[in-house]
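Turn these sequences into a full structure, and let the hints steer you where they fit.
For reference, the chains in residue letters:
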Amino acid sequence: MDTILEDREAHSTVTINYFDGNTRDVVILDSEVPYPDGKLIVSRTDKAGIITHCNQSFIDMSGYSEEELIGQPHCILRHPDMPKAAFKDLWDTLQSGKKWHGYVKNLRKDGSYYWVYATAIPNIRNNEIVGYTSVRRKPSRKQINKCIELYNNMILEEQE
Amino acid sequence: MSYVMSVSPDFSPDHIAGWYIFNTYLQRQLDLPIHLELYNSFDEQRAAIANNEIDLIFANPYDASMLIREKGFTALAAPQDSSDEAIIATLAESHINQIEDLGEGTRIATTDDPDVNMMGMIMLEPADLNRENTNTSIVDSYPLVAKQLLNKQADIGFFLEESYDSLSNFVKEQLKILIHSQIYVIRHVMLASEKLQEKHHLIKEVLLNMKNDEKGPGVLNSLGISGWENQEHEDAEFMIDLMETLVD
Numbered sequence: 001m002d003t004i005l006e007d008r009e010a011h012s013t014v015t016i017n018y019f020d021g022n023t024r025d026v027v028i029l030d031s032e033v034p035y036p037d038g039k040l041i042v043s044r045t046d047k048a049g050i051i052t053h054c055n056q057s058f059i060d061m062s063g064y065s066e067e068e069l070i071g072q073p074h075c076i077l078r079h080p081d082m083p084k085a086a087f088k089d090l091w092d093t094l095q096s097g098k099k100w101h102g103y104v105k106n107l108r109k110d111g112s113y114y115w116v117y118a119t120a121i122p123n124i125r126n127n128e129i130v131g132y133t134s135v136r137r138k139p140s141r142k143q144i145n146k147c148i149e150l151y152n153n154m155i156l157e158e159q160e
Numbered sequence: 161m162s163y164v165m166s167v168s169p170d171f172s173p174d175h176i177a178g179w180y181i182f183n184t185y186l187q188r189q190l191d192l193p194i195h196l197e198l199y200n201s202f203d204e205q206r207a208a209i210a211n212n213e214i215d216l217i218f219a220n221p222y223d224a225s226m227l228i229r230e231k232g233f234t235a236l237a238a239p240q241d242s243s244d245e246a247i248i249a250t251l252a253e254s255h256i257n258q259i260e261d262l263g264e265g266t267r268i269a270t271t272d273d274p275d276v277n278m279m280g281m282i283m284l285e286p287a288d289l290n291r292e293n294t295n296t297s298i299v300d301s302y303p304l305v306a307k308q309l310l311n312k313q314a315d316i317g318f319f320l321e322e323s324y325d326s327l328s329n330f331v332k333e334q335l336k337i338l339i340h341s342q343i344y345v346i347r348h349v350m351l352a353s354e355k356l357q358e359k360h361h362l363i364k365e366v367l368l369n370m371k372n373d374e375k376g377p378g379v380l381n382s383l384g385i386s387g388w389e390n391q392e393h394e395d396a397e398f399m400i401d402l403m404e405t406l407v408d
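Just so you know, the protein sequences line up as chains A and B, in that order. Numbering follows this note's numbering, in which position 86 of the first sequence is assigned residue number 86; successive positions increment by one, without gaps. Add 160 to the 1-based position in the second sequence for this note's numbering, that's all there is to it.
For the record, the hints were derived by calculation from the structure and aren't laboratory data. Model, not experiment: these values are computed from the prediction. Every residue, glycine too, gets a C-beta built ideally from N, C-alpha and C. Please note: incorrect hints may appear among the correct ones.
[Stated by the list, open to error] Heads up, simulated DMTMM-like pairs for lysine to aspartate or glutamate below, C-alpha to C-alpha not over 20 Å straight-line:
| # | chain 1 | residue 1 | chain 2 | residue 2 |
| --- | --- | --- | --- | --- |
| 1 | A | Lys142 | A | Asp60 |
| 2 | A | Lys142 | B | Asp261 |
| 3 | A | Lys146 | B | Glu285 |
| 4 | A | Lys99 | B | Glu397 |
[Unchecked claim] Chain A side only, calculated, beta carbon under 10 Å to chain B, not exhaustive:
| # | residue |
| --- | --- |
| 5 | Lys47 |
| 6 | Ala120 |
| 7 | Ser134 |
Shown next, in the form of structure tokens:
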């Protein structure tokens with residue numbers, strides 16, 4: 001799902017316009033929540049990217065309740081600092097039946113953020129993709145720092 | 161015709177007798193001849209699996225993927241309220257207090273337990289450590305992993321939580337835990353082969369009823385588990401998908 005960002009200022013409200021016509025106002029806080037040691041964040045979606053399952057770590061880190069998450073599109077976690085191209089790559093890779101890895105800055109309900117190293121795979125049953133599983137683990141700070149620079153450059157290119 | 165049951169070689173030595181007791185119980189309940197074959201290493205057990213010598217197996221989650229997707233096994237049940245968790249420990253006196261304190265060249269002591277090794281390496285990722293920039297020595301048991309730490313032949317050791325807990329207090333007092341996984345969804349499962357297809361339902365019924373059977377609780381106790389819970393095909397598929405996200 002593509003997003004068009006109208007404003008990327010920290011500590012502000014940002015309107016995210018989705019390609020299907022929906023919009024969403026999100027509050028962005030420049031505050032990182034550290035990834036908990038030893039835990040995995042797990043979620044599953046259907047083919048359309050709607051959340052069908054999430055574990056307790058997902059609930060804790062996202063700041064939403066399970067009831068608020070189930071049935072929502074996975075992009076509820078999308079942070080405006082993530083370039084569109086990263087998600088295009090994710091969906092292109094998954095829809096071709098392959099595994100995707102990447103570093104992702106996720107948005108919490110309260111506007112703060114957390115970094116993850118994410119892996120997503122298509123769930124294949126009887127040779128058909130029936131949904132997707134994503135598992136996030138603690139990333140290295142060195143890799144995060146590389147991605148901050150990379151993603152900033154990608155976003156600047158997308159805005160040109 | 162006799163069937164063969166096996167147990168993932170990472171089971172605790174404290175439960176060897178328990179698996180023999182369980183096998184006797186199962187044979188009586190099912191009225192089936194079952195021989196229990198235990199292996200010292202994962203390689204030996206995998207060779208037996210490749211030769212289709214095993215019909216019933218309490219499988220490590222790492223091997224469960226291969227058994228279900230490549231060998232046609234079916235998941236019947238999993239231990240209740242129990243998951244496989246890993247611990248990374250170091251010497252209590254070490255200057256290392258968190259994973260991020262570790263650097264390239266870190267010496268790791270571990271066993272050949274595949275899911276503990278996988279979880280251990282994942283927990284080292286925040287320090288940018290991987291197989292290429294660390295040195296791993298594989299030993300035969302978790303007490304030997306501890307011994308490598310005590311002898312300062314390794315900087316950190318990977319342990320299955322249950323095995324770490326069963327180390328003597330004398331040893332544990334000389335070690336400290338750096339990190340403890342809390343993954344919850346990776347667990348051993350009881351799988352049955354296609355050869356036992358007609359008995360799958362019956363075996364599952366026996367396992368799920370063990371808690372309520374007169375002799376069942378004692379047998380469960382000897383295995384160190386509180387009971388069995390049902391595993392549907394999709395439960396196993398979900399765990400396999402999860403494992404796939406974790407294996408490079």
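Status of each hint after checking the structure:
1. Among the hinted pairs, A/Lys142 with A/Asp60 is inconsistent with the structure: their alpha-carbon atoms are about 25 Å apart, more than 20 Å.
2. Between A/Lys142 and B/Asp261, the direct Cα distance comes to roughly 14 Å. Compliance with the 20 Å bound is thereby established for this hinted pair.
3. Taking the CA atoms of A/Lys146 and B/Glu285, the gap is near 15 Å; set against the 20 Å cutoff, the hint holds.
4. With a C-alpha separation of about 16 Å, the suggested pairing of A/Lys99 with B/Glu397 holds against the 20 Å cut-off.
5. For A/Lys47, the shortest C-beta to C-beta distance to chain B is roughly 14 Å, which exceeds 10 Å, and the interface hint is violated.
6. With a least beta-carbon distance of about 7 Å to chain B, the hint placing A/Ala120 at the interface is held under the 10 Å criterion.
7. For A/Ser134, the shortest C-beta to C-beta distance to chain B is roughly 7 Å, which falls under 10 Å, so the interface hint holds.
The structure fails hints 1 and 5 (numbered hints given earlier, in ascending order).
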